[in-house]
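2 protein chains.
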Amino acid sequence: MRYSRMLGRASYEVPHDADSVNAKLLTQGGFIDKVAAGIYNHLPLGLRVLQNINDIIREEMNFVQGQELLMPALHPIELWKQTGRDKTMDDIFYKTRASGDRDFVFGPSHEEVVTPLVAKYVRSYKDLPMSVYQLQTKFRDEPRAKSGLLRGREFGMKDMYSFHTSTEDLDAYYEEVKAAYLRVYERCGLRAYVVKAAGGVFTDQYTHEFSVVTPAGEDTILVCDACKTAENSEIAKSMDRCETCGGPVKKEKAIEAGNIFKLGTKFSEPCNLHFTDKDGQRKLVVMGCYGIGNTRMVGTIVEASHDDKGIIWPESVAPYRVHLIALAGKDPVVAQRAEQLYLELLKAHVEVLFDDRDDSAGKKFTDADLIGLPIRIVVSARTLEKESVEWKRRSESEGAMVLLQDVLPKLIA
Amino acid sequence: MRYSRMLGRASYEVPHDADSVNAKLLTQGGFIDKVAAGIYNHLPLGLRVLQNINDIIREEMNFVQGQELLMPALHPIELWKQTGRDKTMDDIFYKTRASGDRDFVFGPSHEEVVTPLVAKYVRSYKDLPMSVYQLQTKFRDEPRAKSGLLRGREFGMKDMYSFHTSTEDLDAYYEEVKAAYLRVYERCGLRAYVVKAAGGVFTDQYTHEFSVVTPAGEDTILVCDACKTAENSEIAKSMDRCETCGGPVKKEKAIEAGNIFKLGTKFSEPCNLHFTDKDGQRKLVVMGCYGIGNTRMVGTIVEASHDDKGIIWPESVAPYRVHLIALAGKDPVVAQRAEQLYLELLKAHVEVLFDDRDDSAGKKFTDADLIGLPIRIVVSARTLEKESVEWKRRSESEGAMVLLQDVLPKLIA
Numbered sequence: 026m027r028y029s030r031m032l033g034r035a036s037y038e039v040p041h042d043a044d045s046v047n048a049k050l051l052t053q054g055g056f057i058d059k060v061a062a063g064i065y066n067h068l069p070l071g072l073r074v075l076q077n078i079n080d081i082i083r084e085e086m087n088f089v090q091g092q093e094l095l096m097p098a099l100h101p102i103e104l105w106k107q108t109g110r111d112k113t114m115d116d117i118f119y120k121t122r123a124s125g126d127r128d129f130v131f132g133p134s135h136e137e138v139v140t141p142l143v144a145k146y147v148r149s150y151k152d153l154p155m156s157v158y159q160l161q162t163k164f165r166d167e168p169r170a171k172s173g174l175l176r177g178r179e180f181g182m183k184d185m186y187s188f189h190t191s192t193e194d195l196d197a198y199y200e201e202v203k204a205a206y207l208r209v210y211e212r213c214g215l216r217a218y219v220v221k222a223a224g225g226v227f228t229d230q231y232t233h234e235f236s237v238v239t240p241a242g243e244d245t246i247l248v249c250d251a252c253k254t255a256e257n258s259e260i261a262k263s264m265d266r267c268e269t270c271g272g273p274v275k276k277e278k279a280i281e282a283g284n285i286f287k288l289g290t291k292f293s294e295p296c297n298l299h300f301t302d303k304d305g306q307r308k309l310v311v312m313g314c315y316g317i318g319n320t321r322m323v324g325t326i327v328e329a330s331h332d333d334k335g336i337i338w339p340e341s342v343a344p345y346r347v348h349l350i351a352l353a354g355k356d357p358v359v360a361q362r363a364e365q366l367y368l369e370l371l372k373a374h375v376e377v378l379f380d381d382r383d384d385s386a387g388k389k390f391t392d393a394d395l396i397g398l399p400i401r402i403v404v405s406a407r408t409l410e411k412e413s414v415e416w417k418r419r420s421e422s423e424g425a426m427v428l429l430q431d432v433l434p435k436l437i438a
Numbered sequence: 026m027r028y029s030r031m032l033g034r035a036s037y038e039v040p041h042d043a044d045s046v047n048a049k050l051l052t053q054g055g056f057i058d059k060v061a062a063g064i065y066n067h068l069p070l071g072l073r074v075l076q077n078i079n080d081i082i083r084e085e086m087n088f089v090q091g092q093e094l095l096m097p098a099l100h101p102i103e104l105w106k107q108t109g110r111d112k113t114m115d116d117i118f119y120k121t122r123a124s125g126d127r128d129f130v131f132g133p134s135h136e137e138v139v140t141p142l143v144a145k146y147v148r149s150y151k152d153l154p155m156s157v158y159q160l161q162t163k164f165r166d167e168p169r170a171k172s173g174l175l176r177g178r179e180f181g182m183k184d185m186y187s188f189h190t191s192t193e194d195l196d197a198y199y200e201e202v203k204a205a206y207l208r209v210y211e212r213c214g215l216r217a218y219v220v221k222a223a224g225g226v227f228t229d230q231y232t233h234e235f236s237v238v239t240p241a242g243e244d245t246i247l248v249c250d251a252c253k254t255a256e257n258s259e260i261a262k263s264m265d266r267c268e269t270c271g272g273p274v275k276k277e278k279a280i281e282a283g284n285i286f287k288l289g290t291k292f293s294e295p296c297n298l299h300f301t302d303k304d305g306q307r308k309l310v311v312m313g314c315y316g317i318g319n320t321r322m323v324g325t326i327v328e329a330s331h332d333d334k335g336i337i338w339p340e341s342v343a344p345y346r347v348h349l350i351a352l353a354g355k356d357p358v359v360a361q362r363a364e365q366l367y368l369e370l371l372k373a374h375v376e377v378l379f380d381d382r383d384d385s386a387g388k389k390f391t392d393a394d395l396i397g398l399p400i401r402i403v404v405s406a407r408t409l410e411k412e413s414v415e416w417k418r419r420s421e422s423e424g425a426m427v428l429l430q431d432v433l434p435k436l437i438a
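Residue numbers (the numbering used here), protein chains in the order written: chain H, 26 to 438; chain F, 26 to 438.
Check before you lean on any hint, since a few could be wrong.
Listed below are the simulated EDC-like cross-link pairs for lysine to aspartate or glutamate, each with C-alpha atoms no more than 20 Å apart in a straight line [said to hold, decoys possible]:
(1) H:Lys120 - F:Asp115
(2) F:Lys388 - H:Asp152
(3) H:Lys388 - F:Asp111
(4) F:Lys151 - H:Glu268
(5) H:Lys276 - H:Glu294
(6) H:Lys120 - F:Asp126
(7) H:Lys303 - F:Glu193
(8) H:Lys308 - H:Glu421
(9) H:Lys120 - F:Asp116
(10) F:Lys388 - F:Asp356
(11) H:Lys221 - H:Glu268
(12) H:Lys334 - H:Asp384
(13) F:Lys389 - H:Asp152
(14) H:Lys151 - F:Asp383
(15) H:Lys120 - F:Asp356
(16) H:Lys389 - F:Glu38
(17) H:Lys120 - F:Asp111
(18) F:Lys171 - H:Asp126
(19) H:Lys278 - H:Glu294
(20) H:Lys145 - F:Asp111
(21) H:Lys171 - H:Asp265
For the record, the hints were derived by calculation from the structure and aren't laboratory data.
Fair warning: this is a prediction, and the values are worked out from it, not measured in the lab.
The shape of chain H in the complex, shown without the other chains (with noise of 0.2 Å):
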């Protein structure tokens, strides 16, 4: 991509309603741009990274047998009747009313509409277990919207639901699906704790959160070192010593990155979701779901990989992998090279953006710094009197010269 002819241009404007890393950070990068409190548009570098973790919250849920579906945001207030969640959570919907006077809620969440659906086709212990989920749209008019991509009112989530016919299978998938949001969470480049939280209204049970330490975090949880744990202060409030080793905690901030919850028959009973068992008995189908809020990832990693300079994108969900710069100046000899190497870099499939504009090196770096791709490759006459590229790592502070003819052989290595 020339970055001339971009959507959504690095800015050094500091929002001014900007209360947050990652929603400074994101905007002045050109990767979001805000529409209203809470409500964003994702612009195309910003949705790259989304879909680059889409893709790999994918990978994962479908190694765990998730079928990916799309449950729709308009739901009939009547799905939340049902479950008497119409009033619980009457406070963060945007509802709406229709022709004909129906009245619609637009959906915070997804178990009054996945369960009257499994209901309709799951009928003995031979459908069970199966496990669905989808990439969508929620809602939730949250009274103070904040901290950029971290609380928003329209957001993405990824939400999966698990349908068992006993609690030891759902125990046992449970913990499956928690080894799955941990492979997510490291291969988007975070370092995750599982704690335990109180459910809130969606659940009366204990369930479990994925907590990212950052100074940014809303949340206070107790980090054990020693052996990897971590617990929630709300819970463990008067823990000073680890309850798995022994070994001394601290109090650290961190960011809720995705929770996952035992329903067990919490919303099969009043949907009716029952299923016939081995031995004729009719019985209540016991459930398991599973968050993860995928924009909200975008802000997490921002947060928990940055320097005072900008972003530092872990490869993995890097919009691209290569900001190519170009400091041509007059001199057509370095234009012509750069471009020559662009089209080279794009034939060969490397994910590159390229910074053709007419404007100053000092300008061009700070740009890069601030968007934050992993590799940095400048062409300049310097670089090209010894036939070569500047080559630098944005997690590193120095680059080296690589001969033009290695880049690309380094590239695909």
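Position chain F relative to chain H; hints supplied.
Frame of chain H; chain F shown alone:
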């Protein structure tokens, strides 16, 4: 995928409210499930078709330099007041009053979001032309939602918006997109005609629609077979000879499968989208917009490609390529050989749906015809006598025996 574990199984109950072939076949085949009028769940089989269509659309939009982005569904009403469409489109809005007493609409279209967005970044003629698109969900409160996926209240759409320095530049780009659209339909197995249409609330000018001829069509078009052109009968009421070649025309029913508009400065003026031209003059940006309903496309393909037994998916959009049927009965050897072939195909990345259920041959064949995958492969005691499978294309009435050892080479040839 093992059919025994899939959410959304074939059923022969005729949906009581299915008013069209696509609603009936997609519901019975387990592709979609109705939540409310015009609002559907896309089940795993149906979502795969949609994702295949999306991939084709993305490739063709990227080819005409479209940049993918993602705008929100929740729009502050103030955006729509800019253009006056808060009044002209009021009938079809889903509206909501959010916390802080702010009014929002759920986007039935995105001109009011994209134009102010582009205005933040476009300064000079050097920033133009530019073209951006999204695959997003639209919300329109159609009083009479009907015809399955053809007229939804919540539906998927690819909407692209282009920005130009002059009408000449728009005109040239418009033709490029027209060609890209025709490639999308062709790749989805559809024969589409370009017809002139009135733009309704979107634009004052004539625009173009893409029409697919099928008996379920809502529109009447006049088609000239000699030169492969068509006209909308509302516009060309009295036409009895083709305007292009003078040949005879005939009336046919057609489904509108996309439309493109020359917006001119209709939106750039109220949204204040200007650029500075080469001559230093401040001018209004000239816009075009281009829509394809992707969920509607799923329904259109079914309307255009089915027989009395079920759907006939074009290979490019089929949810799986192969429907593998094991007729094992009580014979463990047949079951084992079918399983072995299934695993071989998976390993070779052949997209295969494996009917591993304990059901009759008749039921399995009827389901396969309903679901409509391109290639049906049957493994039974009879075929194994000849170390073979029965291989039949959905679009043909007769199958043939193919040696087991030739199945994979034939599929990956």
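Cross-check of the supplied hints:
no. : hint                : verdict
1   : H:Lys120 - F:Asp115 : holds (17 Å)
2   : F:Lys388 - H:Asp152 : holds (18 Å)
3   : H:Lys388 - F:Asp111 : violated (42 Å)
4   : F:Lys151 - H:Glu268 : violated (62 Å)
5   : H:Lys276 - H:Glu294 : violated (40 Å)
6   : H:Lys120 - F:Asp126 : holds (13 Å)
7   : H:Lys303 - F:Glu193 : violated (71 Å)
8   : H:Lys308 - H:Glu421 : violated (59 Å)
9   : H:Lys120 - F:Asp116 : holds (17 Å)
10  : F:Lys388 - F:Asp356 : holds (18 Å)
11  : H:Lys221 - H:Glu268 : holds (13 Å)
12  : H:Lys334 - H:Asp384 : holds (19 Å)
13  : F:Lys389 - H:Asp152 : holds (17 Å)
14  : H:Lys151 - F:Asp383 : holds (11 Å)
15  : H:Lys120 - F:Asp356 : violated (56 Å)
16  : H:Lys389 - F:Glu38  : violated (63 Å)
17  : H:Lys120 - F:Asp111 : holds (19 Å)
18  : F:Lys171 - H:Asp126 : holds (18 Å)
19  : H:Lys278 - H:Glu294 : violated (38 Å)
20  : H:Lys145 - F:Asp111 : violated (40 Å)
21  : H:Lys171 - H:Asp265 : violated (32 Å)
Of the numbered hints stated above, those contradicted by the structure are hints 3, 4, 5, 7, 8, 15, 16, 19, 20 and 21, listed in ascending order.
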